Each structure stands twice: as structure tokens, then as C-alpha cells.
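Student: My request is simple: use the sequences and hints to build the entire structure.
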Amino acid sequence: MTTVAPPPVTQASIDRRTKLFNRICAGVLVAFAIIWLVPILWTVDTALKPNAETTETTWLIHHPTLESFRTLLAQGDVWNWYATSFITSALTAAATVIVASMAGFALSRMRFRYRWLVFWFVLIGIMIPQQVLIVPQFREFSAWGLLNTYWAVILPQIPTAIAVFIFKQFFDGLPRDLDEAARVDGAGFFRTYWRVVMPLSRPVVSAVAIFTFVWSWNNLLWPLLVMSNPKLMTIPVGLATVQGTYGIRYADTMASAILGALPLVLLFLFFQRRIVEGIAGTGLKG
Amino acid sequence: MTTIVETVSPEVAPVTTTERNTQPGHTRPALLMLAPFLILYVLFIIGPTLYMVLMSFFDGSLTESGLGKFGGFGNYAEAFGSADFWSSMWHTLWFTILTTPPLVVLALFFALLANRVARGRAFFRLAFFLPYVLPSAVVALVWIWLYTPEIGLLSKIVTTFGFAEPNWLGSPSLAMWSLAITTVWWTLGFNFVLFLAGLQDIPRDLYEASSIDGATPWQQIWRITIPLLNRTTALVIVLQVIASLKVFDQMYIMTSGGPNYSTRSMLQYVYDLGFTDLRTGYAAAASTVFFVLVLAISTVWVVLTRRQEQRF
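Chains A and B supply the protein sequences, listed in that same order.
Residues in the first sequence are numbered consecutively from 343, following this note's numbering.
Residues in the second sequence are numbered consecutively from 97, following this note's numbering.
Because the hints were derived from the structure by calculation, they are not lab data.
Remember, it's a predicted structure, so these values are computed and weren't measured experimentally.
For each residue, glycine too, the CB sits at the ideal point set by N, CA and C.
Worth double-checking, as some hints may not be accurate.
[What the hints assert, rightly or not] Simulated restraints on C-beta separations:
#	chain 1	residue 1	chain 2	residue 2	range
1	B	Leu270	A	Pro517	50 to 60 Å
2	A	Pro545	B	Pro299	18 to 28 Å
3	A	Trp421	B	Asp297	37 to 47 Å
[To be verified] Only part of the chain A face toward chain B is listed, based on derived beta-carbon distances under 7 Å:
#	residue
4	Cys367
5	Ala368
6	Leu379
7	Arg455
8	Val474
9	Val556
10	Leu563
11	Pro578
[Claimed, not checked] Not close to chain B: a few residues of chain A, all C-beta gaps over 10 Å, as computed:
#	residue
12	Ala354
13	Ile429
14	Ser548
15	Ala551
Tutor: Dropping the structure here:
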């Protein structure tokens with residue numbers, strides 16, 4: 343190393359060096375990926391043990407059992423939470439897609455008066471952190487008597503300004519010839535939107551729908567405030583609320599975590615590519 | 097070149113003129129299509145924002161309807177004079193300082209490595225991104241269990257290596273670090289994916305050309321990749337700062353803001369003041385101050401993305 347003169351740089355030596363470097367990269371990355379998976383594997387491991395065995399801190403499972411899952415599902419609360427989470431998240435996602443895509447279409451395709459004003463008015467919304475509005479929003483919903491209803495969870499999550507701009511940006515990139523042709527054939531704006539532009543927009547529709555669904559499903563703070571009835575809690579609120587009550591029944595706690603995560607994990611596995619491309623293409627964040 | 101310009105220009109010209117002008121017959125249908133969004137937007141975002149500012153000047157309470165007694169800037173004076181307000185503000189900033197550098201640097205590091213590995217993309221994406229789609233409550237339950245004294249996996253690992261067992265969530269000086277570790281594990285995947293996308297935009301021939309010139313992989317990373325990723329990095333940093341400032345869930349579930357209020361974030365302060373002490377007027381004032389802070393940083397983000405859009 344010290345006295346030998348550096349060998350002449352040849353293409354072969356560069357290739358060898360690059361190959362070695364890439365191999366080291368792969369090794370380091372695999373190590374980190376395993377570290378990242380450990381908490382998830384440990385959760386599954388714990389949930390498959392009987393409660394009494396969880397204090398041993400070992401990966402070995404002496405008596406594998408699904409008892410914890412059975413207990414939780416038999417108690418019934420989880421089913422109510424699933425129902426609330428599914429209903430509110432699905433409706434939020436559907437409503438967001440419809441409402442935001444219409445607004446995005448108007449901003450992208452129509453030359454109406456005060457367009458610039460609407461544009462800036464909606465743009466402000468991107469910068470408003472919704473979580474900070476809990477106090478006035480809560481007063482609003484309590485004044486309307488909508489606390490402990492699905493409406494309270496769904497309504498404030500629908501007007502997502504960023505979704506409008508994601509749709510607008512996507513529509514801007516679509517060729518105008520098609521909808522101009524539809525217009526010439528006598529189709530109105532709404533018909534053009536619904537029959538021509540939306541069918542061409544599947545990737546962005548699914549990206550916005552999936553993301554809205556995930557954010558809505560994972561939202562904790564707002565449903566925590568408006569859904570105090572245990573029968574109407576969403577999954578995160580339910581888990582956060584009962585977290586203390588399992589005490590030292592660690593297997594039960596981990597089983598409840600798995601049940602809470604399962605729908606989203608499945609969603610992720612099915613739509614992995616869509617989700618990742620959605621983030622990459624839009625740079626959105628909740 | 098000239099032929100392209102000639103064929104393109106007649107089409108471009110009318111488009112740019114219609115960009116500016118309003119067209120007859122567009123305004124009414126446009127407003128109809130905007131109406132559903134705008135109504136909800138005004139009712140649930142803009143309205144509450146204005147109402148929050150209004151509330152902050154009154155001594156309202158959750159138990160009575162209406163704004164309450166007018167108090168001028170009293171709530172703001174109280175907030176700025178309150179040690180609890182400032183300590184929550186500090187905890188929020190401290191959490192942001194602890195989480196942003198690792199969430200940016202590690203995500204970039206993993207993305208750089210993943211970009212060099214030809215196989216197993218799906219596996220890395222799964223490992224790093226899967227935690228991001230988990231609900232905060234699930235993440236919290238898992239990490240409370242990992243941090244459990246004596247029998248938790250992390251406590252066990254640390255003691256196996258001969259160190260004294262840290263009181264992960266129970267010690268005021270350590271709790272925030274533990275929450276930061278959990279958060280890095282949970283949300284790193286998002287930044288990882290953003291960086292991966294940024295890396296894919298860098299033209300491959302740049303690497304090939306520099307490699308022929310004898311550049312080492314190390315030089316390529318520092319001289320080509322990092323400088324060309326500037327825009328993505330800036331975006332990730334701003335998004336991360338905004339996300340970290342808005343922290344609530346992890347603290348609320350894992351430590352309830354404790355021990356001894358040492359991990360109470362700004363949003364939890366607002367939550368406590370508004371919904372435990374029932375002082376909605378004061379909570380609105382604290383929200384407004386926090387709101388302005390996040391708004392200022394979000395403005396930077398919008399300026400960044402707008403500029404990016406104009407380039408394309």
C-alpha cells in the first residue's frame with residue numbers, strides 16, 4: 343500500500359473498482375434494510391406467542407398461538423373501528439377525488455373571469471396546516487351538533503388544496519386536442535371533464551385516492567377530538583385509547599397493532615408501484 | 097431547428113393568448129365546477145382560520161357558546177409570558193432539530209446506495225417504505241414494546257452489549273431522543289422515495305463520461321450526484337421541517353407529553369389548553385402564533401415548487 347506506485351488507470355481496473363464499490367453498497371444497504379424490518383418482525387413474533395411467554399425476550403416461540411387475535415376479534419370493538427375507518431377513509435378519498443379534480447379541471451382548461459384570484463386563493467390552502475385549526479373546527483362541529491358522526495371526520499378532510507394542484511398539473515400535461523374535439527362536437531365542459539379527461543387520468547386519480555385514503559386512515563388528532571364514543575372510534579383512535587388497558591398483555595397489544603396495520607399493509611403491497619410513483623411524481627406530503 | 101420552430105409556432109401562439117384572456121361562456125360553468133371544492137374549502141379551512149384569529153382576541157371557553165369576553169391582545173401577552181408556551185415551542189423545535197438531519201441524510205444515503213444496486217429494489221422499498229404507511233398508533237404501540245424496560249427488545253440488545261439500560265421513555269433528557277429514533281424509523285421511507293426519484297432524473301451518460309475520464313465512484317457521488325440533487329434535497333428538507341413541526345401523535349401516545357412535560361409539543365399544548373383546560377380563546381392565540389411559524393416555512397416550500405414547475 344505505502345511503497346508500491348499506483349497502477350496505471352485502465353478501463354479494467356475502473357470496472358473492477360466500481361464493481362467492488364457497488365458490492366459494498368449492496369451489503370451496507372441490506373444490513374440497514376434488515377434493521378428496518380426488525381421492529382415489524384418482532385411485532386409479529388410477539389403477537390404469535392402466548393401472553394405469558396412474551397417476557398422472555400427471545401425470537402423463539404415455544405407455543406405459537408393465534409389466541410391474541412382470537413380474543414381481540416371476539417371482543418368486537420375492533421370490528422367497529424374497522425367499520426368507521428373504512429367508511430370515513432373511503433368516502434373522504436372518493437369525495438376528494440371528485441371535488442378536487444373538478445376544481446383542477448376548471449383551473450386547467452377554462453378561461454373564466456377572476457381565474458388568477460381563485461388560483462391564489464386555493465394556493466394559500468397548501469400552506470395552511472390543518473392540524474392547527476382543531477380549536478375553531480371543533481367549535482364549528484359542536485355548534486352544528488355533528489360531533490360523534492362520520493360527517494365530523496369526513497368533511498374537513500375533503501378540501502385538500504394540494505390535490506387540486508396535483509390534478510391541475512396533470513390535466514395541463516394532457517393534450518388539448520382531444521377535449522377541444524369533444525367541445526367542437528357539442529359536449530359541455532362537464533361532459534368533457536367526465537367523459538374525456540377523467541378516463542385519461544387514471545394514474546393521478548388512483549394516486550390521489552390512495553394517498554387521501556392512507557392519510558385519512560392514519561389521522562389521529564382530529565378523529566380523537568370528534569369521535570369520543572368508543573363504538574365510533576377509528577382504528578388509530580381506538581388503539582391509542584386502549585393502549586394502556588392491555589397492561590402487560592404484550593401479545594394482545596402487538597396483535598392489536600397488527601390488526602390496525604393490516605388493511606394498509608395490504609393496500610401498500612397491492613399498490614406499491616402506484617404509491618411510490620405518486621410520491622415521486624408530485625412531491626406531496628400530508 | 098428552423099423547421100421545428102416553424103411548425104410549432106402557429107400552434108403555440110393562440111394557446112398563449114387564450115392563457116391570458118377570459119373567454120365568454122366559461123365563467124358560469126367554471127364557477128359551478130369549482131363550487132363544491134370552494135364551498136368546503138371556505139367552510140372548513142378558510143373560515144376556521146379566520147375564526148381562530150378572531151377567537152384569539154376573546155376569552156372564550158369550551159363550555160359556553162360564542163366568543164366570550166373581549167380581551168384584546170391579552171391572550172398573546174399571556175402566551176409570550178408563559179413558560180409552558182415557550183417550553184412547548186422549544187420541544188417542537190428540538191424534535192425538529194433531532195429528526196430533520198437524520199431523516200434527510202440517512203434517506204439520501206440509502207437512496208444513493210439503492211441507486212447503485214441493480215437487484216432487490218422491491219425489497220428495499222418494502223423495508224424502508226412499509227413503516228410509513230402504518231398508522232401512528234401502531235408505530236407507537238410497537239415502539240413502546242421495544243422500549244419496555246428489562247424485557248423490551250431494544251433494552252435487551254443494549255444490555256447484551258454490556259451497557260447500562262437506558263430509561264428510554266421515562267427519563268426527561270432521553271425521552272425526546274427515543275421519540276426521534278421512532279420517528280426516523282417511521283417516516284424515512286417517504287424521503288427515501290423522493291430521493292430515489294430525484295436520482296432517476298440524473299442522466300446516465302454523465303456517469304459514463306466521468307467514468308471514462310477516470311472518476312472514482314466516490315468522486316462521482318460528490319461531484320455529480322449531490323450537486324445535481326440540490327433541488328430535491330431542498331424540497332425534502334423543507335417538507336421534513338414542516339412535518340416535524342406538526343408533531344403530535346408520537347408524543348401523545350408514547351409519553352403523553354411527559355415525563356414532567358419534557359416532550360409536550362406545540363400541538364399538544366394547544367390540545368391541552370383548548371380541550372383539557374377548556375380555554376379556547378387562549379388556545380386559539382397559541383395556535384395563531386404556531387400557525388404563522390408553519391405558514392412562513394410553507395411559503396418557502398411553495399416558492400421552491402413553483403419555481404420548479406416553471407422550469408418545465
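Student: Could you run down the list of hints and mark each one as holding or not?
Tutor: Hints, one by one, checked against the model:
At about 58 Å, the CB distance of Leu270(B) to Pro517(A) agrees with the hint of 50 to 60 Å. Separation of Pro545(A) from Pro299(B) is about 24 Å and conforms to the stated range, judged on CB atoms against 18 to 28 Å. As the Cβ distance of Trp421(A) to Asp297(B) is approximately 46 Å, the hint placing it in 37 to 47 Å holds. Annotation: Cys367(A) was flagged as interfacial toward chain B, and the flag holds, the nearest CB pair being 4 Å apart, inside 7 Å.
The closest approach between the C-beta of Ala368(A) and any C-beta of chain B is roughly 5 Å, which is under the 7 Å cut-off, so the hint is satisfied. Satisfaction of the interface hint for Leu379(A) is found here, the shortest Cβ-Cβ separation to chain B being roughly 5 Å, below the 7 Å cut-off. The interface hint given for Arg455(A) is met, as the beta carbon of that residue sits about 5 Å from the closest beta carbon of chain B, less than 7 Å. About 5 Å separates the beta-carbon of Val474(A) from the nearest beta-carbon of chain B, less than 7 Å, and the hint is met.
The interface hint given for Val556(A) holds, since its Cβ lies 6 Å from the closest Cβ of chain B, which is under the 7 Å cut-off. For Leu563(A), the shortest C-beta to C-beta distance to chain B is roughly 5 Å, which falls under 7 Å, so the interface hint holds. With a cut of 7 Å, the hint placing Pro578(A) at the interface with chain B holds, because the nearest CB-to-CB distance is about 4 Å. Here Ala354(A) stays apart from chain B, with its beta-carbon at least about 12 Å from theirs, past the 10 Å limit.
Every beta carbon of chain B lies more than 10 Å from that of Ile429(A), the smallest distance being close to 16 Å; the non-interface claim holds. Every Cβ of chain B is farther than 10 Å from the Cβ of Ser548(A); the closest lies at roughly 15 Å, confirming the non-interface assignment. Listed as a non-interface residue, Ala551(A) keeps its Cβ farther than 10 Å from every Cβ of chain B; the least gap is roughly 14 Å.
In this structure, none of the earlier numbered hints is contradicted; all agree with it.
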